[in-house]
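Position chain B against the provided structure of chain A, taking the given hints into account.
So the protein sequences, as listed, match chains A and B.
Take the first sequence: its position 169, counted from the start at 1, is 169 in the numbering used here, and no numbers get skipped.
Take the second sequence: its position 346, counted from the start at 1, is 346 in the numbering used here, and no numbers get skipped.
Since the hints were made in silico from the structure, they are not lab data.
Values in this document were obtained by computation on a predicted structure and should not be read as measured data.
There may be inaccurate statements among the hints.
Ranges of calculated distance between the beta carbons of each label pair, as one might list FRET restraints [unchecked claim]: (1) A/Val165 / B/Leu377: 45 to 53 Å; (2) A/Asn139 / B/Phe23: 32 to 40 Å; (3) B/Cys384 / A/Asn133: 16 to 24 Å; (4) A/Val165 / B/Met277: 49 to 57 Å; (5) A/Leu81 / B/Met277: 24 to 32 Å; (6) B/Arg356 / A/Asn11: 47 to 55 Å; (7) B/Arg356 / A/Ala110: 45 to 53 Å; (8) A/Ile5 / B/Ser275: 38 to 46 Å; (9) A/Val165 / B/Val147: 44 to 52 Å.
Examples of chain A residues toward chain B, derived with CB under 10 Å [stated by the list, open to error]: (10) Ile5; (11) Leu45; (12) Phe58; (13) Ala68; (14) Gly70; (15) Val79.
The beta-carbon is built from N, C-alpha and C at its ideal position, and this holds for glycine as well.
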Amino acid sequence: MEHFIETIGRNMFAIFGVMALGGAAVVVASRSAVHSVLAFLFAMLCIAGCFLSLEAEFLGMAQILVYAGGIVVLFLFVVMLVEVTKAKEKEVFQLQSRYAIGAVLLGVAAFAAVFRKVIFGVASPQALKLPENLAQGLNVAQQNAQAVSRGLFAGYLLPFEILSVVLLVALVGAVVLAKTERV
Amino acid sequence: MPTPTLLQSIAITLIQCVLVVLFVFVVVPLTVFAERKVLGHLQQRLGSTRVASGHIGVTGWMNRGMWKWGRIPVLSYWRGIPGLLADVLKLILKEDIIPAKADKFVFFIAPALSMVSAVVVFAAISFVPGTFFVFPSWFPGLAGLPVSGGIADINVGLLWILGVASVGVYGIVLAGWASNSKYPLLGGLRSAAQMVSYEVPLAISLLAPVVLTGSLNFGEMAQRMATGTSAWGLVPQVFGFLIYLTCGFAETNRLPFDMPEAENELVAGFHTEYSGMKFGFFYLAEYINMTVVSALAAGFFLGGSWLLPFGLQGLANQLLPAGAWIAGPHAIFFVAKIIFLLFTYIWVRGTIPRYRYDQVMSVAWKYLIPLALVNLLLAAFVRCAV
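With the rest of the complex left out, here is chain B:
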């Protein structure tokens, strides 16, 4: 394979960025849509599971049949699509209001900070180890060049992910301050305390994979976690996964922990004063953050682009014939795991009521941090013993 020149490698990186952004902007609206529908089914909200452009097509015919039999139709996949379209249109077309006494510069930069820190994390995430695809020979300028499964293969990828994700808190805090209004300020302060607190157990729970694999590179860690850990490694991985997921919910301000925007207490929290596409950016950033947290959980605990989670793939591979399709890494497994975890987010949101604020803080400091430390100790024992 030819080695790319400087300009070619820059072009390839740009193409990778475009692909990742495309992935994000396909997954996020689908998640929003899925959230409406799944919540609709979980909490019996009728609109998002019924609204449709008409009873047309094969499934429409089947649905009408089911209504006639006196059953609620299950085959209503596209129902709710008009709601999603209306939502997107509203975000784009709504007037962009800046409050008179707001700090204009900070008010402007806060949504951008949230959005950028959410997207940039994807630089260190590799969707599949090695080459993703090779440019066909007719492609102008880049014929025959390989495109790897991640944008940047950083040695300290995990630190990059944690560091950049931790910059995301500024978006929320500054939005709360710049609005110059009491509810956003309270939301911003809450989020600063909450996100800084939950970052600690989150980072410690991610240290267990670091100890087990002895690496900080995302791709290497995913590979070693999926295929290289021993049977004993299962215990710290399962516990670590549960702790990580809990902290992930808190870090993305999702429902059992959505203190920064708790609508019955703070109107809409930090984004009360935002409208139009500035609000849209916070909305997007929240869903991109969910995708990021899911991608990390999928990569470190659920076996990344291998099929089986928690290092079981390594044990299974001893039984499978070498070179079997199911034994190898595939980007589709990775994406499937991300989508499953996004569903879990919605599932939890529809099931568990919101914590009180002091409970949120005590969960982090009194339970999650000690648990995460014990888990780290377990991982260290496993690493030393095996």
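Here chain A stands alone, though its shape is the one from the complex:
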């Protein structure tokens, strides 16, 4: 019994990973858009579980808070408002499926290009760490949130701020587009 529980505990990442992939498959395969959103929610929660099993508590919780609590709700909101009849839906899907496959292949290629070292290279003997001068007086294993914040706001402040500006541009763009349509 004890052995069994320990084995499950050690393979938590794989379990959550498989569940997340299953959820993602349902997102693509499902006929109803709302079911897709539900499966997407499930996949997001499983990814949060993956983060938790790697002891990245802060990331896992941020995943739940931002994706499950915010973004997917807005997806659902839009999907509920846009009611597409069955026939039309089919047509739209058939039109877009070629582009969709292309986009997915492109995404896979980009992912492989970025992470080729991680996937095919030699496994690093050590986990990723904060630089010494930033990690001073901090128990990184225990104080996850503090470690992330030091990395973001002390080590990599400029890229972080540039990213936030990119998000702001998207936000302003969305507002502008919505406004012009109404006038």
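Frame of chain A, contents of chain B only:
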């Protein structure tokens, strides 16, 4: 004290879960009962303050005396109990109807989502710091092992609470959609907009305690807020408490903000098509959510399991002798604060009329978010200066 093995620690966690669920299922029916009675007194509704099984017992005798003197009896604690029992029986026995054109799977899973996300939040809430009780030596298998005051001592407890609570909105939105009917759909859409809006000031108002204490762990935050903040910390705490409570009312869809179910506009909103125990789950989830919001307010602003609110306990402890009973943490204070806040919920419901929908949204975006940001700034100043 012996350290527990893996199986023992799992058993202890299960026992803690059972205790928390027991706590919830004691508090919720009592809140429903209290709501009937307090509203009965506030709005002069007669039934829930009069119905009783008979004029028996000592208090019944005293009540009859008061009627004879021409006064309305105050000692009518159990009056209304038959109403509560009838309500519970109705929920359990009523036929469970699924509308013909409803999406069956989503219709089924929506109440479960609301309920689960409401209960799971309790994992990160600690009722008392440190050990709650130690198993007696006769207890089979677990003799002498300590049980802590919270189920899981998570480093990022606050984020867990906010994250899981935010999943609760799906229950309402999906219920509205799956019913395949216009009023529930409107209720669901309203609730999606309202709850996502009010989550923002709610989270910002909870950031003030985070800034003041420098932690995200519920127990640590409660302790430092109660005993470790300076006198200046009082200002952001009081403002933060008021903002938090307002947002809490909106997040739980309680009366000044009960847009998702506004009965005069939307029949019963998102749960119009639900009956029986599926409706019962939404009903339970609403009251459990109220308990959760009250527990957070009690923990972060009202001093948690210490007696005095708003960090006053830390100032009082300098005057009190060390080791005094009243200076230490006790689960009973925590529960008392939760119950007081639940009473506040009912009190507000009986007093303030419902907002209009556009007013609800403008309150969140135009007033509460700026106020919460100013409060956060104040807290940051206090933290830096002191």
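Hint check:
1. Distance hint for A/Val165 and B/Leu377: a CB-CB separation of about 22 Å, inconsistent with the stated range 45 to 53 Å.
2. In this structure, A/Asn139 and B/Phe23 meet the distance hint of 32 to 40 Å, their C-beta atoms being roughly 33 Å apart.
3. At about 23 Å, the CB distance of B/Cys384 to A/Asn133 agrees with the hint of 16 to 24 Å.
4. Judged by the Cβ atoms, the range 49 to 57 Å given for A/Val165 and B/Met277 holds: they are separated by roughly 51 Å.
5. Range check, A/Leu81 to B/Met277: about 30 Å between beta-carbon atoms, so the 24 to 32 Å window is met.
6. Taking the beta carbon of each, B/Arg356 and A/Asn11 are about 53 Å apart, inside 47 to 55 Å as hinted.
7. Checking the proposed 45 to 53 Å range against B/Arg356 and A/Ala110 shows it holds: the Cβ atoms sit about 48 Å from each other.
8. The hinted range of 38 to 46 Å is satisfied by A/Ile5 and B/Ser275, whose Cβ atoms lie roughly 41 Å apart.
9. The supplied range of 44 to 52 Å is met by A/Val165 and B/Val147, whose beta-carbon atoms lie about 50 Å from each other.
10. At about 6 Å, the closest approach between the beta carbon of A/Ile5 and any beta carbon in chain B falls short of 10 Å, and the interface hint on this residue holds.
11. Hint status for A/Leu45 relative to chain B: holds, with the closest Cβ pair at about 8 Å, below 10 Å.
12. For A/Phe58, the suggested interface contact is upheld, since its CB lies about 5 Å from the closest CB of chain B, less than 10 Å.
13. Annotation: A/Ala68 was flagged as interfacial toward chain B, and the flag holds, the nearest CB pair being 5 Å apart, inside 10 Å.
14. For A/Gly70, the suggested interface contact is upheld, since its CB lies about 7 Å from the closest CB of chain B, less than 10 Å.
15. Proximity of A/Val79 to chain B holds as hinted, the smallest CB-CB distance being about 9 Å (cut-off 10 Å).
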